[in-house]
Amino acid sequence: MQPSMKEMIKKKKESRSLYSRIEKIMPTLFLLIASLSILVTIGIIVTLLTETILFFGDVSFIEFITGTEWYPFFKNDPSFGIWPLISGTFLIAFIAMAVAIPIGLSAAIYLSEYASEKSKKIIQPILEVLAGIPTIVYGLFALTFVTPLLQSFIGGLPIFNALSPGIVVGIMIIPQITSLSQDAMSAVPQAMRDGAFALGATKLEVAIKVVVPAAFSGIISSLVLAMSRAIGETMIVATAAGSTPNMSFNPTESIQTMTSYIVQVSMGDATYGSTIYYSIYAVGMTLFIFTFGMNILADYVSRRYREVY
Amino acid sequence: MRTQKKYVNPDEKQIKKRISKNKAARIVFFIATFFGLAVLAVLIIRIVTQGAGYLNLDLLTNFASRNPENSGIKAALLGTLWVMSVTIPVALILGIGTAIYLEEYAPNNKFTQFIELNISNLAGVPSIVFGLLGLTLFVRYLGMGRSVLAGGLTMALMILPVIVVSSKEAIRSIPQDQYEAGYAMGATKWQIIRTVVLPAATPGILTGAILSLSRAIGETAPLLMIGAMTFIAYVPESIFSSFTVLPIQIFSWASRPQAEFQAVAAAGSVVLLIILIAMNSIAIGIRNKFSKRN
Numbered sequence: 001m002q003p004s005m006k007e008m009i010k011k012k013k014e015s016r017s018l019y020s021r022i023e024k025i026m027p028t029l030f031l032l033i034a035s036l037s038i039l040v041t042i043g044i045i046v047t048l049l050t051e052t053i054l055f056f057g058d059v060s061f062i063e064f065i066t067g068t069e070w071y072p073f074f075k076n077d078p079s080f081g082i083w084p085l086i087s088g089t090f091l092i093a094f095i096a097m098a099v100a101i102p103i104g105l106s107a108a109i110y111l112s113e114y115a116s117e118k119s120k121k122i123i124q125p126i127l128e129v130l131a132g133i134p135t136i137v138y139g140l141f142a143l144t145f146v147t148p149l150l151q152s153f154i155g156g157l158p159i160f161n162a163l164s165p166g167i168v169v170g171i172m173i174i175p176q177i178t179s180l181s182q183d184a185m186s187a188v189p190q191a192m193r194d195g196a197f198a199l200g201a202t203k204l205e206v207a208i209k210v211v212v213p214a215a216f217s218g219i220i221s222s223l224v225l226a227m228s229r230a231i232g233e234t235m236i237v238a239t240a241a242g243s244t245p246n247m248s249f250n251p252t253e254s255i256q257t258m259t260s261y262i263v264q265v266s267m268g269d270a271t272y273g274s275t276i277y278y279s280i281y282a283v284g285m286t287l288f289i290f291t292f293g294m295n296i297l298a299d300y301v302s303r304r305y306r307e308v309y
Numbered sequence: 001m002r003t004q005k006k007y008v009n010p011d012e013k014q015i016k017k018r019i020s021k022n023k024a025a026r027i028v029f030f031i032a033t034f035f036g037l038a039v040l041a042v043l044i045i046r047i048v049t050q051g052a053g054y055l056n057l058d059l060l061t062n063f064a065s066r067n068p069e070n071s072g073i074k075a076a077l078l079g080t081l082w083v084m085s086v087t088i089p090v091a092l093i094l095g096i097g098t099a100i101y102l103e104e105y106a107p108n109n110k111f112t113q114f115i116e117l118n119i120s121n122l123a124g125v126p127s128i129v130f131g132l133l134g135l136t137l138f139v140r141y142l143g144m145g146r147s148v149l150a151g152g153l154t155m156a157l158m159i160l161p162v163i164v165v166s167s168k169e170a171i172r173s174i175p176q177d178q179y180e181a182g183y184a185m186g187a188t189k190w191q192i193i194r195t196v197v198l199p200a201a202t203p204g205i206l207t208g209a210i211l212s213l214s215r216a217i218g219e220t221a222p223l224l225m226i227g228a229m230t231f232i233a234y235v236p237e238s239i240f241s242s243f244t245v246l247p248i249q250i251f252s253w254a255s256r257p258q259a260e261f262q263a264v265a266a267a268g269s270v271v272l273l274i275i276l277i278a279m280n281s282i283a284i285g286i287r288n289k290f291s292k293r294n
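Line order of the protein sequences matches chains A and B. 306 is the number that the UniProt record's numbering gives to position 306 of the first sequence; each next residue is one higher, with no gaps. 179 is the number that the UniProt record's numbering gives to position 179 of the second sequence; each next residue is one higher, with no gaps.
The reader is advised that the hints may include incorrect statements.
[To be verified] DEER-style ranges, computed between Cβ atoms: (1) A/102 <-> B/20: 18 to 26 Å; (2) B/274 <-> A/19: 43 to 51 Å; (3) A/131 <-> B/20: 30 to 38 Å; (4) B/52 <-> A/131: 34 to 42 Å; (5) B/28 <-> A/79: 46 to 54 Å; (6) B/275 <-> A/73: 49 to 57 Å.
Since the hints were made in silico from the structure, they are not lab data. The C-beta atom is built at its ideal place from N, Cα and C for all residues, glycine as well.
Please build the complete structure, drawing on both the sequences and the hints.
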């Protein structure tokens with residue numbers, strides 16, 4: 001039997017009120033979910049900060065930021081000066097950039113200015129694979145292939161050194177530099193190239209004198225981001241750089257980076273609540289500040305100096 | 001006419017020079033591009049030949065052992081599965097939910113900009129810092145111990161920014177007229193999101209999700225921080241069990257001085273690479289299949 005008109009209206013009203021209730025709930029629900037992402041950032045900063053403050057109850061802040069000796073495992077007189085870890089980190093990042101900038105940018109210029117669509121289609125996915133290789137596999141590669149290879153050129157090179165992981169970190173960040181810089185170069189309007197070609201410029205002149213300057217902000221921000229990744233890289237250096245906190249800038253020596261120190265401590269089960277346990281937070285905070293600063297810088301550069309066509 | 005024959009145009013010389021410079025540069029740029037491909041080839045050949053002796057079925061079915069001959073990755077493979085079973089639902093719900101909020105509901109105000117800024121900053125945080133967060137928040141404060149649960153949640157937070165960004169892009173790519181058609185049919189906002197937006201955005205969301213999951217599977221540092229074991233001869237039984245994963249097992253073998261263990265590490269790396277390349281191919285396949293239709 002057909003339901004009466006009254007019943008139908010009642011039903012319709014009920015379902016409407018249900019819909020409107022769902023409509024009201026949903027935005028709030030999604031707002032809650034989105035707020036979680038903020039909670040994570042706040043969580044990172046709060047946990048790092050509170051544990052770092054506990055660390056500075058044991059060790060003087062001045063010693064930490066000015067000290068040039070990092071011997072946390074000395075029983076009687078441990079010293080906690082962050083500079084050897086910072087210098088180790090930057091030594092690796094410097095070697096990595098020396099490898100990655102020329103190769104990454106040349107590849108970006110080739111792909112954006114010279115390569116045919118067909119070869120782009122082959123080369124780009126392969127670079128994507130290179131970017132997707134787990135860093136531990138790169139670490140193993142550095143330790144068991146690159147280091148012995150370097151040892152055959154450089155006599156007396158120790159197994160653990162800064163050069164080999166530095167080169168491999170550089171290889172790891174090439175795809176990032178290439179793809180971000182290539183995006184920036186491809187965004188340069190064709191009319192600008194055509195203008196230069198009409199004046200008789202060669203492809204090289206167009207690339208170097210027109211495209212690269214026009215895409216400069218994008219290229220710089222890709223380099224800063226890559227540098228930030230090199231600073232935060234962990235497994236390659238933990239596997240192949242050794243664990244000798246060392247103020248030396250000699251790439252053939254064993255060094256320690258901020259990340260590999262954190263790994264070393266967490267592998268050795270530092271007693272919860274000990275000074276060494278808290279020291280990983282102080283180091284983590286330093287690392288966070290460096291990478292955070294560089295990411296902000298990259299963002300600022302790409303916004304501030306973006307050319308608008 | 002005679003003088004013209006003798007006379008060599010200085011511009012012509014210069015032009016020749018410029019053209020040959022261009023040719024040389026082309027070769028240099030190509031070699032640089034080729035370098036990446038060459039390294040990839042060397043790396044794969046090297047890892048495969050190094051691990052060849054241990055690439056057999058025993059590798060998959062044995063647990064880690066003090067003897068390289070008997071060492072396998074069973075605990076690590078199953079541990080990876082366990083961790084991912086926590087990571088996948090958490091990361092997807094949080095990531096897609098945040099993307100829906102930002103694209104569909106968020107008003108354009110300071111708070112929204114703050115969330116956006118936050119997500120892009122989170123994407124740049126080194127993975128080991130996420131490990132510190134997981135160690136403190138999940139292992140210590142929330143008392144989860146060095147468990148699959150703590151590891152899975154840490155990984156979920158790490159890949160969250162990537163999933164948010166790719167889901168946002170997928171949602172944004174849906175044409176406005178599809179919304180209008182939905183509204184014209186009398187649908188409410190949530191009905192449109194549920195029946196029009198999400199189905200259409202699924203391929204894009206899925207591609208981003210698979211790519212970020214493959215990143216999580218290859219990532220070592222955060223799980224090392226929260227204390228995944230390096231030597232485990234059993235399979236996790238629940239999300240509260242201790243565990244190990246493939247990259248950590250590889251790291252533990254690679255850090256031993258014996259060449260045999262480094263060969264086992266190489267064999268494990270081959271398995272890891274096969275898994276990741278398979279996942280990436282699926283993601284690229286989905287992307288190609290659905291990008292043609294639009």
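Hints violated by the structure (numbers, ascending): The structure breaks hints 4 and 6; every other hint is satisfied.
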